[in-house]
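J.: Sequence:
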Amino acid sequence: MSDWLNRPRSLHAAERILDAAAELFAERGVAETQMGDIAKAAGCSRATLYRYFDSRRAVRLAYVHREARRVGAAVGAEIADIADPGQRMVAGVLASVRMVRADPLLIAWFNPGDAGLTLDLAQNSPVIEAIGGSLLGSDQERGSDEPGRPDATAQSHGSAQLGRWLTRIIVSLLTVPGRDEADERELLERFLAPLIATPR
Numbered sequence: 001m002s003d004w005l006n007r008p009r010s011l012h013a014a015e016r017i018l019d020a021a022a023e024l025f026a027e028r029g030v031a032e033t034q035m036g037d038i039a040k041a042a043g044c045s046r047a048t049l050y051r052y053f054d055s056r057r058a059v060r061l062a063y064v065h066r067e068a069r070r071v072g073a074a075v076g077a078e079i080a081d082i083a084d085p086g087q088r089m090v091a092g093v094l095a096s097v098r099m100v101r102a103d104p105l106l107i108a109w110f111n112p113g114d115a116g117l118t119l120d121l122a123q124n125s126p127v128i129e130a131i132g133g134s135l136l137g138s139d140q141e142r143g144s145d146e147p148g149r150p151d152a153t154a155q156s157h158g159s160a161q162l163g164r165w166l167t168r169i170i171v172s173l174l175t176v177p178g179r180d181e182a183d184e185r186e187l188l189e190r191f192l193a194p195l196i197a198t199p200r
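Be aware that the sequence shown starts at 1, since it is given in UniProt numbering, and climbs by one per residue.
Hints in this document: simulated from the structure, not taken from any laboratory.
Okay, the calculated beta carbon distance ranges per label pair:
id : residue 1 : residue 2 : range
1  : Gly43     : Leu187    : 38 to 48 Å
2  : Arg101    : Glu32     : 19 to 29 Å
3  : Arg56     : Ile82     : 35 to 45 Å
4  : Ala83     : Asp19     : 29 to 39 Å
5  : Ser55     : Arg185    : 32 to 42 Å
6  : Asp81     : Glu32     : 38 to 48 Å
7  : Val176    : Asp54     : 29 to 39 Å
8  : Glu32     : Asp54     : 11 to 21 Å
9  : Ser172    : Arg28     : 20 to 30 Å
10 : Arg69     : Glu181    : 19 to 29 Å
11 : Ala83     : Ala58     : 31 to 41 Å
12 : Leu11     : Asp84     : 31 to 41 Å
13 : Val176    : Tyr50     : 31 to 41 Å
14 : Ala47     : Glu186    : 46 to 56 Å
A virtual CB, placed ideally from N, CA and C, is assigned to each residue, including glycine.
Throw the hints in and build the complete structure from the sequences for me.
T.: Take a look at the structure:
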């Protein structure tokens with residue numbers, strides 16, 4: 001434990017804890033992983049763990065935020081050149097789902113026993129809401145940020161709502177997948193893309 005006791009409070013230490021927690025989440029399930037398990041896997045005492053994260057929910061939320069930012073950045077880069085807002089949204093949802101499915105440490109959060117917990121964290125996270133909103137077309141994003149516009153507040157609220165809605169769609173596809181990606185794309189292009197492309 002001396003390595004931890006001598007280590008200054010730092011981002012590196014918190015990342016080490018989250019890395020250990022991620023392995024346990026995949027191995028045992030999110031709901032079944034206890035703080036004592038995380039401390040043991042990280043090689044620190046429970047007291048040290050609680051100095052960084054005061055509860056299991058805090059560990060879970062920190063991990064979800066870290067991975068959401070990582071996936072969000074990768075998705076954003078992948079869809080950056082798509083001009084049509086509806087197609088951009090479809091591509092963003094499909095890319096998000098594909099990246100989560102490809103990572104065993106992430107798809108573990110969408111097992112039947114943990115999916116409800118995952119949705120609860122996602123729906124109450126402004127970080128994930130913002131990442132979902134970042135899949136919006138550039139015109140919509142600019143509109144909500146321009147000062148002095150009478151509709152700016154309404155657009156910002158609409159973007160936040162859309163971010164939450166997209167989170168629900170992504171979680172739904174991860175917990176109850178379509179037959180294949182082509183099936184999921186068809187559903188999104190039929191029901192999501194026209195709605196996003198329609199001026200409001």
